[in-house]
Amino acid sequence: AQSVTQPDIHITVSEGASLELRCNYSYGATPYLFWYVQSPGQGLQLLLKYFSGDTLVQGIKGFEAEFKRSQSSFNLRKPSVHWSDAAEYFCAVGASSGGSYIPTFGRGTSLIVHP
Amino acid sequence: DAGVIQSPRHEVTEMGQEVTLRCKPISGHNSLFWYRQTMMRGLELLIYFNNNVPIDDSGMPEDRFSAKMPNASFSTLKIQPSEPRDSAVYFCASMWGSTEAFFGQGTRLTVV
Chain Y
33 AQSVTQPDIH ITVSEGASLE LRCNYSYGAT PYLFWYVQSP GQGLQLLLKY
83 FSGDTLVQGI KGFEAEFKRS QSSFNLRKPS VHWSDAAEYF CAVGASSGGS
133 YIPTFGRGTS LIVHP
Chain A
623 DAGVIQSPRH EVTEMGQEVT LRCKPISGHN SLFWYRQTMM RGLELLIYFN
673 NNVPIDDSGM PEDRFSAKMP NASFSTLKIQ PSEPRDSAVY FCASMWGSTE
723 AFFGQGTRLT VV
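Respectively, the protein sequence lines represent chains Y and A. When we follow my numbering, the leftmost residue of the first sequence carries the number 33, and every step to the right adds one. When we follow my numbering, the leftmost residue of the second sequence carries the number 623, and every step to the right adds one.
Read the hints as simulated data drawn from the structure, not as lab findings. Careful, some of the hints might be misleading.
Just a few of them, taken from the derived set where beta-carbon distance is under 10 Å, the chain Y residues facing chain A [as the list claims (entries may be wrong)]: (1) 64; (2) 68; (3) 74; (4) 77; (5) 83; (6) 87; (7) 122.
Restricting the straight-line Cα-Cα distance to at most 20 Å, the calculated cross-link-like pairs of lysine to any residue (SDA-like) are [unchecked claim]: (8) 81(Y) to 651(A); (9) 81(Y) to 721(A); (10) 646(A) to 73(Y); (11) 81(Y) to 646(A); (12) 646(A) to 77(Y); (13) 81(Y) to 718(A).
In this text, a Cβ means the ideal position worked out from N, Cα and C, and glycines have one as well.
Kindly generate the complete structure, drawing on both the sequences and the hints.
Below, the structure written as structure tokens:
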């Protein structure tokens, strides 16, 4: 069965600093990989996704992620964090099922941004 | 499109009462997911429908939980009877083919 590990429960950064959120997955086949962001009281919004091709994926809000098959990782990065980036971030892996796939989520990483 | 619409946004009910959560997926999407989010367990998949048919309900915690999708534009998640440990945020998400899942705003359920 597929699984996702986000080893950091909380990450604190200063505004303007760079950010990297870690994600490791376990899945037997080529995975579909996603990063979602959740603001308080809101649903999950897709930041970016990897299905195939270029392993460096660009997303919305200046985020990017890199798929590294050898490390089973899909880390999220941003060169300069803004205070509005404070939120919960979820990595997900898609496991194929009946012509579609089922997203399985990690436990999330809470990003705190200091002014 | 207005996105995935869930109702109600908040529900407070007494233990033992029946609770029904509703979801309207994005038009044209053929997959629908119900997730439960808690501090202890994170985001758990409860059930997954494809073309209105339940494909995987292994995440439904017990018989008190049931879900239906009578047509492509509506799904319900019912808890009967409800218990305090069911308190959580319940999300519905929909997807077309093998693209990306779009989430609703969630229903915050409190069982007292």
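Now the hints, each set against the structure:
Satisfaction of the interface hint for residue 64(Y) is found here, the shortest Cβ-Cβ separation to chain A being roughly 7 Å, below the 10 Å cut-off. Nearest Cβ of chain A to the Cβ of residue 68(Y): about 8 Å, under the 10 Å cut. The hint holds. For residue 74(Y), the shortest C-beta to C-beta distance to chain A is roughly 6 Å, which falls under 10 Å, so the interface hint holds. This hint holds: residue 77(Y) has a C-beta 8 Å from the nearest C-beta of chain A, less than the 10 Å allowed.
Interface restraint check for residue 83(Y): the shortest CB-CB distance to chain A comes to about 8 Å, inside 10 Å, so the restraint holds. Against a cut-off of 10 Å between C-beta atoms, the interface hint on residue 87(Y) is violated, since the closest Cβ of chain A lies about 18 Å away. About 7 Å separates the beta-carbon of residue 122(Y) from the nearest beta-carbon of chain A, less than 10 Å, and the hint is met. A threshold of 20 Å between alpha carbons decides the hint, and for residue 81(Y) with residue 651(A) the separation of about 18 Å falls inside it, so the pair holds.
Among the hinted pairs, residue 81(Y) with residue 721(A) is consistent with the structure: their alpha-carbon atoms are about 9 Å apart, no more than 20 Å. Restraint check: the Cα-Cα separation between residue 646(A) and residue 73(Y) comes to about 19 Å, which is no more than 20 Å; the hinted pair holds. Taking the CA atoms of residue 81(Y) and residue 646(A), the gap is about 24 Å. The hint is violated against a cut of 20 Å. Using a Cα cut-off of 20 Å, the hinted pair residue 646(A) and residue 77(Y) holds, with the two alpha carbons roughly 17 Å apart.
A hinted pair counts as satisfied when its Cα atoms are at most 20 Å apart, and residue 81(Y) with residue 718(A) qualifies at roughly 15 Å.
Hints 6 and 11 from the list above are not met by this structure, while the remaining hints are.
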